[in-house]
Amino acid sequence: MSLWLTLAVNSIALGGLLFLLSAGFSLIFGLMRIPNLMHGSFFMLGAYFGVTFLGKGMNFFLAALLSGVAMAIIGAAIERFLLRRLAGQELPQVLLTLGFSFIVADICLMIWTGDPWQPPTPRELVGAVQVASLFFPIYRLAIVAVAVVIAIALWLLVDWTRLGAMIRAGVDDAPIARVVGIKVSQLFTLVFALGAGLAAFGGVMGAPYLSVYPGLDAEMLPLALIVVILGGTGSLLGALVGSFLIGFLYNFGQAMFPDLAYVILFLPMLLVLVLRPQGLFGRVVT
Amino acid sequence: MSSRALRVGALSVAFIVLAALPIWVGNQYYINIASQILFWAVFALALNVLVGYGGLVSLGHAALFAMAGYTAGLMLAAGHGHFAADLTAIVVTLITSAVFAVLALRSTGIGFLMITLALGQILWGIAYRWASLTNGDNGVNVRSRPAPFGFELATADAFYYATFVVFVLAVMSMAVFVRSPFGASLRGTRDQARRMNALGYNVWLIRFLAFLLSGFWSGIAGILFVYYNQFISPQVVALQTSAEVLLMVISGGTATLLGPIAGATIVVIMKNVVSAYIERWNLVLGIIFVAIISFMPEGLVPGTVRLWRMGRQALRAKPAAKPDKLRDGRP
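Chains as they are written, first to last, in my numbering: chain A, 1 to 286; chain B, 1001 to 1331.
Quick caveat, the hints were computed from the structure, so don't treat them as lab data. Don't be surprised by glycine CBs; every beta carbon is placed ideally from N, CA and C. Please note that the accuracy of each hint is not assured.
[As the list claims (entries may be wrong)] Interface residues of chain B toward chain A, partial, derived using beta-carbon atoms under 10 Å: (1) Ser-1107; (2) Leu-1169; (3) Ile-1250; (4) Trp-1281; (5) Leu-1285.
[To be verified] Okay, the calculated beta carbon distance ranges per label pair: (6) A:Arg-276 x B:Ser-1180: 33 to 39 Å; (7) B:Val-1168 x A:Ile-73: 50 to 56 Å; (8) A:Gln-118 x B:Ile-1269: 39 to 45 Å; (9) A:Lys-183 x B:Arg-1106: 30 to 36 Å; (10) B:Phe-1182 x A:Val-69: 51 to 57 Å; (11) A:Val-69 x B:Ala-1131: 38 to 44 Å; (12) B:Thr-1155 x A:Pro-277: 29 to 35 Å; (13) B:Ala-1098 x A:Gly-164: 40 to 46 Å; (14) B:Pro-1148 x A:Gly-55: 54 to 60 Å; (15) B:Asn-1141 x A:Ala-153: 52 to 58 Å; (16) A:Phe-61 x B:Asn-1197: 50 to 56 Å; (17) A:Phe-61 x B:Leu-1209: 50 to 56 Å; (18) B:Gly-1109 x A:Leu-156: 30 to 36 Å; (19) A:Val-179 x B:Ser-1180: 56 to 62 Å.
Please take these sequences and the hints and turn them into a complete structure.
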């Protein structure tokens, strides 16, 4: 397999992971206006949970699901009991989530030590499929498949269900949504839990590829930020396109200009900020 | 004593106590901590221009601080003189600040914060990954401290005096800035951006200039940092540094002159004390953040001032209340 194809497959896989991370981030930011700086921590903590479950001999997908559910519960608790008290106060919310991200990072360092953990690729996903004369590793394809399935599920949820309509109403105008009887604060908790769970799920899915190590949270958070700035806040399509764009830029940038990989990530963000500040798929909120 | 005389008196006492600090402290270790407090206070004052007076919360200021430190360190490592290195560092930091400002000021509020965070992380990535330029994780060593006007800064005492001079200049420039029409217009853009715009002020330009002022003093603090430690590594550019300096501003109280200084004192002392006993500074930092947000959201200095005023009013109210009660005619 040629280098370029390997890179492309890796890029798509990373794009899939980034979508799992940033879809929730984008929804939380779009719906609740909460700049959730502990989203990278959800990803890392979820991955550590998954590593622990896998160490007990659990099935890979079951571990990912369980980790996602656990993190959704933690996320819901944080939203319900702490962030709720700071509704509408952006700066305190930022500082609270930032403070928590430091606490989580240090606790992870205490429990899982500073050594990286890299679970083996799950047995059922080892190997490669052959298409014509090209081989594609199954595990990477599985990440993309899962991300696409979740993207479609989220799209159906947001665009085609009653719940989704309520969420969109909450995004567009929370006070009016409340007036017509939508329980926006319950939706907030739900969306926050969903975002936290998705990030944790993504963390486990990516663990055999990225491995889990201290600082993973601080590495993923800016990627989620860039994806959301690129795609536009609150836009799922934007998160999807932004994720794959960043996936490609990150992998190709690392391969071609290893010193400047981060600068290359930043260029499209710069262009979007200058030319289209609301993001590629964002709407201008009046 | 009038409150103005009280303030002048307190300021003079503080000045004398701080200026004579190496004499009454004596111990090198504590003098060094005092130097750290002073240059962190300069950094916190710089960030306070944006956070306190501009209402623009930046989480990427470590990048400006480190940009100055790295530029000076790399220039010195390349064999240039101290003057050239520091001048270049300030110019480069100002240019970086301008670029940051142009990008981040596309937005305000959370958007501003997110963009500065992303920009800061990108510079962290450069410091960490562009090893051929920045020496990556190994950092940059600075062999010697400078000797401005023939005054050697090698000892703890001498370095403290130099830092103190810079600190006093920074406080004075902030005091002038706060009282100037520019400071007033910046506060105007914070409180009523649209009204300022309608009054004919160029809101964007005011914020841009404030960012440059903030970047300038961040850069000065960064140069002091690199001379103090004689070393700089990507750790300095990390989000933790931006968060720490923001904690200094917020814990002390935003939009006050004394707040960032008090905040820097608290955070630096706490960091040194905590680090001496346990390795869990980040955990403590996080807990302080959460605790301050939950219990004293206005910051320590305004919080204390509020309590002080309430206490004084209570004291004054008591004697006045007594005759009233007597007039009630109760036994």
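*Would you list, in rising numerical order, the hints stated earlier that this structure does not obey?*
2, 12, 19
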